[in-house]
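Here is what each chain is made of, one letter per residue.
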Amino acid sequence: MKRNRYHLATWGLLLALLLSHTRAAQAGSHGDDFNNEFALLSLDELMAIQVTSIAGVAEDLFRTPAGLYVVTDEDVRRTGHQLLPEVFRNVPGMTVAKVDSRNWQIGIRGYEGLFHNKSQVLMDGREIYEAAFGGVLWDAHEFVLEDLDRIEVVRGPGATLWGTNAVHGVINITTKSAKDTQGFYASGLVGSNLRGIASVRYGDQVDENSWFRVWGKYIDHGESETSAGADFADDWDMFRGGFRFDHEGDDGGSVVIDGAVHTSGRLGASNNTTVPGPPPTGGGFAPRVDDGRTDAAHLLGRVAQEKATSGWSLQASADWLERVDFAEFQYERVSIQVDWKHHFQWADGKHEAVWGLNYRGDYDNFDDGNDLFFNKASHMHHRFSGFLQDTWQLAEDEWYVMLGSKIEYNTHTKFELQPSVRLWWTPDERNTIWAAVSRPVRTPNRTDEDLIQRVAQIVVGPVTTPVTVTGSSDVVAETIWTFEAGYRTQLSEQVSVDIAGFWSDYNDLAVIPTTPGPYDNSGSAETYGGEVIVKWLPADNLMIEASYSHLHMDMQGSTLRVNESTPEHQGRLRLAYDLTEDIELNAVTQIVSNRPTPDVGSYTRFDVGVTWRPTHDIEISAWGQNLFEENHLESTDPLVSSPVEVPRSMYVQATWRF
Amino acid sequence: MRSWHYNLGLAGILLALVCANPIASAADDEKEVRIAKLKSAFLLNFVKFTTWPDGAFAEDDSPIVITVFGNGKIVPILNKTTKGVKVHGRQIVIQHATPPDPKQIKNKDKLEQAWADTYQLLSNSHVVFCSELPDCPLGGVTAALVDRPILYVGDNVRCIRNGALLSMVQDSGRIVIYANSKASESKGVKISSKLLKLAIIVEEEE
Chain A
28 MKRNRYHLAT WGLLLALLLS HTRAAQAGSH GDDFNNEFAL LSLDELMAIQ
78 VTSIAGVAED LFRTPAGLYV VTDEDVRRTG HQLLPEVFRN VPGMTVAKVD
128 SRNWQIGIRG YEGLFHNKSQ VLMDGREIYE AAFGGVLWDA HEFVLEDLDR
178 IEVVRGPGAT LWGTNAVHGV INITTKSAKD TQGFYASGLV GSNLRGIASV
228 RYGDQVDENS WFRVWGKYID HGESETSAGA DFADDWDMFR GGFRFDHEGD
278 DGGSVVIDGA VHTSGRLGAS NNTTVPGPPP TGGGFAPRVD DGRTDAAHLL
328 GRVAQEKATS GWSLQASADW LERVDFAEFQ YERVSIQVDW KHHFQWADGK
378 HEAVWGLNYR GDYDNFDDGN DLFFNKASHM HHRFSGFLQD TWQLAEDEWY
428 VMLGSKIEYN THTKFELQPS VRLWWTPDER NTIWAAVSRP VRTPNRTDED
478 LIQRVAQIVV GPVTTPVTVT GSSDVVAETI WTFEAGYRTQ LSEQVSVDIA
528 GFWSDYNDLA VIPTTPGPYD NSGSAETYGG EVIVKWLPAD NLMIEASYSH
578 LHMDMQGSTL RVNESTPEHQ GRLRLAYDLT EDIELNAVTQ IVSNRPTPDV
628 GSYTRFDVGV TWRPTHDIEI SAWGQNLFEE NHLESTDPLV SSPVEVPRSM
678 YVQATWRF
Chain B
160 MRSWHYNLGL AGILLALVCA NPIASAADDE KEVRIAKLKS AFLLNFVKFT
210 TWPDGAFAED DSPIVITVFG NGKIVPILNK TTKGVKVHGR QIVIQHATPP
260 DPKQIKNKDK LEQAWADTYQ LLSNSHVVFC SELPDCPLGG VTAALVDRPI
310 LYVGDNVRCI RNGALLSMVQ DSGRIVIYAN SKASESKGVK ISSKLLKLAI
360 IVEEEE
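Line by line, the protein sequences give chains A and B. The first sequence runs contiguously to residue 685 in this note's numbering. The second sequence runs contiguously to residue 365 in this note's numbering.
These aren't lab readings, by the way, just hints derived from the structure by calculation. Hints are all accurate, no fakes.
Think about it this way: if two alpha-carbon atoms lie no more than 25 Å apart in a straight line, the pair counts; the simulated DSS-like pairs of lysine-lysine are:
(1) B:Lys356 x A:Lys562
(2) B:Lys245 x A:Lys562
(3) B:Lys232 x A:Lys377
(4) B:Lys356 x A:Lys203
(5) A:Lys562 x B:Lys239
(6) A:Lys562 x B:Lys353
(7) B:Lys207 x A:Lys562
(8) B:Lys245 x B:Lys353
Fair warning: this is a prediction, and the values are worked out from it, not measured in the lab.
Required output: the full structure, derived from the provided sequences and hints.
In structure tokens, the structure reads:
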């Protein structure tokens, strides 16, 4: 109670300070029914007003028939986040928990885990989840966050357009065109937990229609502390560098070439390894510290042509990664992706159709670690897919329906069909009501089929017998029926509200059975919940955004392997306030309820930062993060040896653009 | 196998529904209105992020005058967007002017007079928005009104090269702000560094 009062008082004080300094809001009843839905938006929001996640073609946020949240580069700057996974803390409906200094549990609408395998994650159209286990190695995709264009997070299935793994949602990360990142950018950060980040970028023009940028980023992250106060030896550093080239023809044609490399020889990992012991349960776990290492590179090329009512794009990418992690577990993979999309209007513009073809091929090779093995050391996985989706304007400017399906062939489960229907009504420009039914699937991956994980070792006399859990080639795709509905409304010139709710029915969840044996599909589950986001602009120089997310999970059958440890309630309050022309105050607080299994207590996070722009080119900011608590636990994962605390931290950053 | 047939059947019915649609289009009008609304919202933001010198206004409560110079399609929407809105404690007034057309005014003296009248109208403005004029004749306007503290705004990159301080340019389906490299302060018109930070800076042609 004492702590709650303290939090309340801090926020009260902050709000009082704000209200005494805010410039009066624009008056402005427009009198008649006219409403300019854009008048409420800030400049950076206006500049981001193209959303492509659901329809695959331009669609503004207000009318998108899905739970969609957009994070712009300004949002990232004004929430003080420095690493890509942290940015998702700001997205309603997402759960973000730091497992250790570089491992994250990130999920959309539940089932997060160290290797959350039910969300599609794309960066500039390139899938970045690992085909071998379905999760994302987040530290392998850092870039200069200043070069972020936007992140669109679709809460709920997006399988028709984006395919396998887009069960719970789609994270679509887009970086800026080289055209928009011209000149020098240099930034240096020094902090207590995140020890330092140095970023440099230079962009220039090649000719009238072509631009490029080159960039480099060095991250040095300090080690974590366990709940018992011991050093965790998970400090790491990494260098990343890359380039991007953009060409824009006069006829709407464009070319993008993008590439990056990264390397780290100090990828700290503190993990569990089994030790032999007597029957019946065998030995326990002992912590083991390794310095992992990683190298990676990717190259992407895209040609596209956009016209007034149609457009196409062809993209190809190659992605290589090598990593030693978790008790000398070695992983190498090459991923090749080719993607074709075409959209066009027909029936006098009443229909907008998108169709596409996609191939992804993944070759991987595993060298056994201490407790992790694979039946087959190397494996080649192919996936071919095609989709067709049509948006039909049923009644002019009011009723729309979107229908589509993806058909996929993959090496594991052969054919999969993933249909969805979305219906939405925009009775006027202030209101959008939508509903959707989807049936996405999560196809099994290499881990489901091939994994052998030692969980204990039993010693009887001279014989040591491992106790393992194993994958199975009999595992089939998990199927999910999801029903969603939502309502977006602009209550006034200053207030907008976005509400979404969902109910999902999971069948054939791949789990460890309750009786001894390999993975099977005996799991099933039901989840429901929703999100409410309220945005309020009480004054020209003040933005307040509040959100609440609810998630209820009900598992049936075996719950082993499926991480159901997701908080049921999450609340967030964000404030962006311009004290003067050159000084900004930004604050975010987040309240996360407890996680049931394994038990993690509730916590409140409070971040506050001040940014000062002494000249047009220079920006200096200071942030305090997690200020309400000296440290708190956000997650536990069996692969990590001890629960690690997220500490209170500070940093200062100087940025120079010229 | 049952779920396969079920799904296929469902997809078939849905696709058949899609193909049976006969309604006619108003998509182009809708798109035009959307763009006009978007540009109006940008103009409103530009005004918020700009300060004018004290002498730019006759009275303490004189309105901020935005003149749409060129195609006037945006005027009704801009009028509605700014109706009742106060920025820097001032109302916003919208007026419309078109550049004299030499094809219609053949007489050279009359053409000059028409330009003089246009300059007179523009000289009372605080913002001149050059709307859908591909040649963007702002070079002559800025020369004629050289001492006036006016925020010149265009809608293509050429405008910037012809003297506009800001331009909102449609690019890859979105609107991008371009700014003249001399835009931070011109004739006492000061544009906020926050706005300029979001803009692509372009050198003015000599």
